[in-house]
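Peer 1: What follows is each chain in one-letter form.
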Amino acid sequence: MTHTFKALAIFFTALILSTFVASQALSLDDSYVEQIVTKARDLRLHEERDWHVLLHYTKTLSGSYKSKIDDTHFFLSPDGRTDSKTELEATLRSFFIPAQKDGENAACRFPARYEWLKNRLDIDTSKLPGFTCTERDKAVDTVNARSAVLVFPVGHINSPASMFGHTLIRIDSSKRSNLISYAANYSADSVDTNGFLYAWKGLTGMYKGYYSMMPYYIKVKEYNDLEHRDMWEYRLTLSEDEVKKMVYHIWELQNINSSYYFLDENCSYNLLFLIEAARPELHLTEQTGIFVLPTHTVRIIKESGIVEGVQYRPSQGTIIRNIVSLLDAHGQTLANNIALSSIKPESLRTENIPDSEKMKILDLSAGYVQFRFARKEIEKDIYSKLYLAILRERSNLGLPVDDPYKIFEPAKPETGHGTTMAGIGTGVRKGEMYTELKIRPEFHGILDPDDGYLRGAQIKFFDTALRYDITADKIQLMTLHVVDIFSIAPRDMFFKSLSWKVNVGVDNEPMRDGKDYLVYRLNTGGGWAYTSPFKGILYALGELDVNAGKKIRGGVSAGPGFSVGDVEQLTETWKTHMYVRGMWYELGDDRYTLKATIAQNFKVTRNNSLSLDYSEELVNSHRITEAGIVWNHYF
Amino acid sequence: MKKILMAAALTVVMSSAAFAGSAQTNVGCGLGSLAWENKADDSTLFQAFQATTNGTSGSQTFGVSSGTSNCKQPSKFVQNEQLNKFVQANMDNLAKDIAMGKGETLDTFAEMLGVAPAQTVAFNSRMQSNFGKIFTSENVVLAEVIDNAVTVANN
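One line per chain: the protein sequences are A and B, in this order.
By our numbering, the letter at position 277 of the first sequence is numbered 277, and the numbering carries on one by one without gaps.
By our numbering, the letter at position 71 of the second sequence is numbered 71, and the numbering carries on one by one without gaps.
Misleading hints may appear alongside valid ones.
[Said to hold, decoys possible] Beta-carbon label-pair distances, calculated as ranges: (1) B:N70 to A:I439: 52 to 62 Å; (2) B:N70 to A:Q254: 22 to 32 Å; (3) A:V191 to B:T151: 39 to 49 Å.
[As the list claims (entries may be wrong)] Here are the computed lysine to any residue pairs in the SDA-like style, where the Cα-Cα straight-line distance is at most 25 Å: (4) B:K102 to A:A389; (5) B:K3 to A:R176; (6) A:K380 to B:G28; (7) A:K380 to B:N70; (8) B:K133 to A:R392; (9) A:K412 to B:G103; (10) B:K102 to A:T318; (11) A:K385 to A:G331; (12) B:K102 to A:N322; (13) A:K175 to B:E81; (14) A:K380 to B:Q88; (15) A:K66 to A:K201; (16) A:K219 to B:G32; (17) B:K133 to A:A389; (18) A:K175 to B:E111; (19) B:K102 to A:K201.
Please keep in mind that the hints were generated in silico from the structure rather than gathered at the bench.
In this text, a Cβ means the ideal position worked out from N, Cα and C, and glycines have one as well.
One chain only, chain A, in its complex shape:
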């Protein structure tokens, strides 16, 4: 009996002792987590810049920090969006949770956070549960990041959704070719093709925005080839380690959504977080204003000193137009006929023209056939046959002697005038002197210097003009155009672009009695434009105007009209726009207007220009003459 009792006593003592020892060991491991968390608290890591950058925390109006990311999957704490301390501690603790499967540990999902916290806190990785992140490592290896390039596809002349351009980041590897680099991009998840719906949802944050990564050649095909948008590639001086940090952060952002707001939290704004993740000392997002335009972000990035060179990538459209300009009318016609299948490519063999011309003709027709197919003008079977026939013929001609396709590089996008304009001026209208104040929050007028902008593309928002009539001592609103878009694109044998306009707002203009009154206006028009003999743009549009105002006979009137004009760049700094506009307000009013205007603009500096306008207008039998001069300052 005593033996059993003694054995039991020893057994139970041992059991209690080992449990005691074991529990001590357990709490030692627990206490390492607590040590780390306490260290983080003492260092106040949650207030550091690097942490804010990785979580996209920005200061709100009330002074607190809130993440721009809406998706709860991005945060490891339920309060993570607003509480950086809780999020940091939850992140730390998550690394210590043993993972059941490969890729499950939080460090696999959040490698940028993991690397930073590990280094900052000197975490002893041997005290972490082991983990592997095979999928992530494979992706990072595939990207093979060495350096980064900011890419800017310019605005699309005929699409309001893309008119301000776009930005994306290309991550170059050790390969020579850039087409197979990967590109990171933030955009709205949308399959809507209705432009109005897209605009509405984009403006009000109804779309979810996602970061995505794909081979660069996909983006080149999209912007350069399909949409004919030139691209500018700004090489960044970020180091290889910095670019690797960026790639880690992009990985953290995959499948994470944020509300996409076209005006501010858009593609360009969200791209800045990626650059900040590479180098947190750069404060880029906070330099953006109320509206964020891609060109602004290009300027911000350039001014931060990390751009070391820029490469111009002309679009298919630019390339095609360049070849057209190198051919005479006969050559252009041959190319056009080949591309339209009116004549066979082989028929060039009997043409009495040099090989160098034949090469250009075939290069042009090949490019143009691709364009026709992309626009769905021809079926795939016909396209493939025709395209191959052209290329087969071309391959027989060999290489040109020199490099015939040197494309003139336009002014870089960020070197253009600022997108906001304020103007001050004076003039005479109907014999009375006035002073004028103009304000235009965005973006570019047809008369403004074109450097860095698309020629012939006017996009104005909230264009406002106020006049002070000196003799009458009256301030008068002359213009307030909420939206004013005027796009003139020259047509030729190959490109049959349409020109169009739309403006909505308020104007102070002569009524039936010849006196000025305010009218609400909705105006639209469409027509054709051609390159003028002086390399400018000649246009003719049919217009439709709807007006509402007190002095209109029926209150509301509508009428057709026309405008014809010519925009010429006379010298490098002197531009002129001459136009005649006639309207017949027959419906709801008895008003007929005919106005001829000559407007000039002289570029003084990048952000200053001088405008001179002179117009003669006939409204019914009343004649109104106006002449004015305005100093425009852009910022």
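Place chain B on chain A using the hints.
Peer 2: Leaving out everything else, chain B in the frame of chain A:
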């Protein structure tokens, strides 16, 4: 004729599970395959109001290590999904560059095949002279293009 491509690049790796083709339909594997739908339709007067491609179709946000292409694999070149996808997406531009004897798509193709920089001019010239042997018909598919290009480069 001097071989342009290194022998190592020509070793055909036995198909591993990773590359075992699923549906090899060969649709979209030739000329004229476009990677998008419903984009930049210029056919209406109101093209101005068409949403263009600043949006994304969102289904695949991380196209880095995603699956194999649905096209038949080339047999004369080491299994290389990156090369296959590149040729599939850029075949039209590749054809144009080969016909012209130069271009960025052709340079990329050469680099992916392992052509040394010193050999590029010779490679491009050989490709151009043998255009018809590479792009044999309008129905040519990517496997044939790659195989034919390899044959031409080393003959």
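Peer 1: None of the hints should be skipped; say for each whether it holds.
Peer 2: Hints versus structure:
A hinted range of 52 to 62 Å holds for the C-beta pair B:N70 and A:I439, which are about 56 Å apart. Distance hint check: the CB atoms of B:N70 and A:Q254 are about 24 Å apart, consistent with the given range 22 to 32 Å. Taking 39 to 49 Å as the suggested C-beta distance range, the pair A:V191 and B:T151 conforms, at roughly 42 Å. With a C-alpha separation of about 18 Å, the suggested pair B:K102 and A:A389 falls inside the 25 Å cut-off, and the hint holds.
The hinted pair formed by B:K3 and A:R176 meets the criterion: a straight-line CA distance of about 22 Å does not exceed 25 Å. Straight-line distance between C-alpha atoms of A:K380 and B:G28 comes to about 11 Å, which keeps the hinted pair within the 25 Å bound. For the hint pairing A:K380 with B:N70, the CA-to-CA distance comes to about 19 Å; that is within 25 Å, so the pair holds. About 10 Å separates the Cα atoms of B:K133 and A:R392, which keeps this hinted pair within 25 Å; it holds.
A threshold of 25 Å between alpha carbons decides the hint, and for A:K412 with B:G103 the separation of about 24 Å falls inside it, so the pair holds. Pair hint B:K102 plus A:T318 holds up; C-alpha atoms about 18 Å apart against a cutoff of 25 Å. The straight-line distance between the Cα atoms of A:K385 and A:G331 is roughly 22 Å, inside the 25 Å bound, and the hint therefore holds. With a C-alpha separation of about 18 Å, the suggested pair B:K102 and A:N322 falls inside the 25 Å cut-off, and the hint holds.
Of the pairs offered as hints, the one joining A:K175 and B:E81 holds, with about 16 Å between alpha carbons and a cut-off of 25 Å not exceeded. Among the hinted pairs, A:K380 with B:Q88 is consistent with the structure: their alpha-carbon atoms are about 15 Å apart, no more than 25 Å. Between the alpha carbons of A:K66 and A:K201 the distance comes to roughly 24 Å, so the proposed pair stays at or under 25 Å and holds. Between A:K219 and B:G32 the alpha-carbon distance is near 17 Å, which keeps this suggested pair within the 25 Å criterion.
Of the pairs offered as hints, the one joining B:K133 and A:A389 holds, with about 14 Å between alpha carbons and a cut-off of 25 Å not exceeded. Only pairs whose Cα atoms come within 25 Å are accepted, and A:K175 paired with B:E111 is accepted, the gap being roughly 8 Å. Distance restraint check for B:K102 and A:K201: the Cα-Cα separation of roughly 44 Å exceeds the 25 Å cut-off, and the hinted pair is therefore not satisfied.
Figure legend: structure checked against the earlier numbered hints; the only hint not met is number 19.
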